[in-house]
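Novice: In this note's numbering, the protein residues as written are 5 to 158.
The hints are simulated quantities; they were obtained by calculation from the structure and are not laboratory data.
Fair warning: this is a prediction, and the values are worked out from it, not measured in the lab.
C-beta: ideal position from N, C-alpha, C; glycine also.
Please note that a few of the clues may not be correct.
Unchecked claim - Here are the simulated lysine-lysine pairs, DSSO-like style, with alpha carbons at most 27 Å apart:
1) Lys-93 x Lys-70
2) Lys-93 x Lys-34
3) Lys-93 x Lys-146
What the hints assert, rightly or not - Quick list of simulated restraints, FRET-style, between CB atoms:
4) Gly-132 x Pro-105: 12 to 22 Å
5) Gly-147 x Ser-31: 30 to 40 Å
6) Thr-109 x Thr-28: 35 to 45 Å
7) Pro-102 x Arg-37: 22 to 32 Å
8) Asn-68 x Thr-125: 31 to 41 Å
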Amino acid sequence: MARLIIRQYPDPILRKLCEPVDHTDPSIQKLARDMLDTMYHAQGRGLAAPQVGIPIQLFVMDPNWKNGTQTPYICANPDISALDDTTRKCEEVCLSIPDRPVMVTRPARVMLRWRDAEDQTFGHELTGDAAIIAQHEADHLKGRLCIDYENSAP
């Protein structure tokens, strides 16, 4: 596996609207593995493809690895929807914007639907940190960053 360079704000690629993943591209599986390796090395819990310079709808995350259990997600062409009106306000940090934590309010319970690097379809209800991380990473695929929430209503 290769460690990739994490792009830093204000790199313009972080603001790009990403294209859908082409699952016929054989490099997607290697990219996903390299992204996971990069994320773990950087001590992150999520990483989106535009953060490594590739504007496609792909992110990886592992909400629990810092607790000792690796449970990686590889999410291509994700779709996230809130399951109710409950929200959670928490501090978010971003590997592309180091040393700038931001308080963000997001839906606390979401449904994440995605395809993995091998084009298998999945859907999981996420709560807690997993829900927050998935939404943060999905924002990257739309050119949105956590700092965009700094002056939003609570």
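Novice: Take the hints in turn and mark each one as holding or not.
Specialist: Do the hints match the structure? See the list:
no.: 1; hint: Lys-93 x Lys-70; result: holds (21 Å)
no.: 2; hint: Lys-93 x Lys-34; result: violated (35 Å)
no.: 3; hint: Lys-93 x Lys-146; result: holds (21 Å)
no.: 4; hint: Gly-132 x Pro-105: 12 to 22 Å; result: holds (18 Å)
no.: 5; hint: Gly-147 x Ser-31: 30 to 40 Å; result: violated (23 Å)
no.: 6; hint: Thr-109 x Thr-28: 35 to 45 Å; result: holds (39 Å)
no.: 7; hint: Pro-102 x Arg-37: 22 to 32 Å; result: holds (24 Å)
no.: 8; hint: Asn-68 x Thr-125: 31 to 41 Å; result: violated (22 Å)
Violated hints, listed in ascending order, are 2, 5, 8; each of the other numbered hints is respected by the structure.
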